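Colleague: Sequence:
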Amino acid sequence: MKAITFQGKEKLSFETVADPTIIQPTDVIVKVALTAICGSDLHVYREHEKGLDYGTVMGHEFFGEVVEVGSAVTGLKKGDRVVSPFTTSCGVCYFCKIGLTCRCLQGQLYGWVEHGHGLHGAQAEYVRVPLADSTLVKSPEGLSEEQVLLTGDIFSTGYFCAENAGVRPGGRYVVLGCGPVGLMAILAAKIQGADEIWAVDSVPERLAIAQRYGAVAVDLSKTDAKQFILEQTNGIGADAVMEVVGNPSAQQLAFDVVRPGGIISSVGVHTASNFTFSPVDAYNKNITYKTGRCPARHYMSKLLPLLGSQQIDLSAIISHRLPLAQGVEGYRIFDQKLDKSLKIILDN
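Numbering (numbering that gives the first Met the number 0), first residue to last: 0 to 347.
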């Protein structure tokens, strides 16, 4: 099959690799119809996260059709249209039972193979899915493939971020970073009842979508965001800050603009070893800091029906739709923020 593989820092290849096969009786093979390039894929691409084996198939977002079924799989059959979260999960361990499916004791992240161990990704014609019964979700009728695909990662992560922020009617919130997940956090916060949201970014096209989703745009290239937010809140600060960037400056800004007793909800993938503020700083401000990987499988069961019952438009964030064969170029476009890129979907 054809796939996009990792070949070193900022080096990918679109090449022929071995087709995936059933290894465990709980596996299925999915023919990928749609996949996508995620911001966290760029961490690997840029080698901000190190250790990935050369030749690893990239990608962790996909929608497709089941084409082969392991002997122990009971809930899926050939021909089922399915979507996956970005990690696999068993459904029966302690963490799965409490809804923290991202920390499943048997779970694996698609697109991460290190020292020969791990799970190849989905930027390919086919992908192997372990623990398929408890990992995959059948696509509901009446939803577009794109809507379903985006629920497997970025919509779930945005919703998780807003929920961790304790969003409630009447609250005042800040979203730092208007990439795909930040925009989904804005949308989720509005769904959860937020009245006032300030969206902070420096890319006009992204801020325009943030406004479309109901936020007030704060352009970092023209405005001192800290000063502006404190002025808007009479010096108090926001009830919660959703930090979706994953770098030290965003973390510090989140701390600066959250009110005493407020919440920082961080889903940005940080690679720094230390916080920008100290335990003493956090204590003196009584802040709550919530972070971590989204348990997407847990959220998908709620969000897919929500998409079906409400007029929720996720498609505004899709900037490009390219064939898989152009995926390497898609990474370059996304990495360098060319051509007003935001969310790039890859077609098979």
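Just so you know, these hints were derived from the structure itself, not from any lab.
Each hint should be verified, as a subset may be incorrect.
Cβ pair distances, simulated, as ranges [unchecked claim]:
1. F13 - A71: 25 to 35 Å
2. V279 - G307: 19 to 29 Å
3. K225 - G291: 22 to 32 Å
4. G192 - N233: 38 to 48 Å
5. Q310 - T15: 27 to 37 Å
Please read these numbers as outputs of a predicted model, since none were measured by experiment.
Idealized CB from N, CA, C, for every residue including glycine.
Colleague: Which of the listed hints are broken here?
Modeller: 2, 4 and 5
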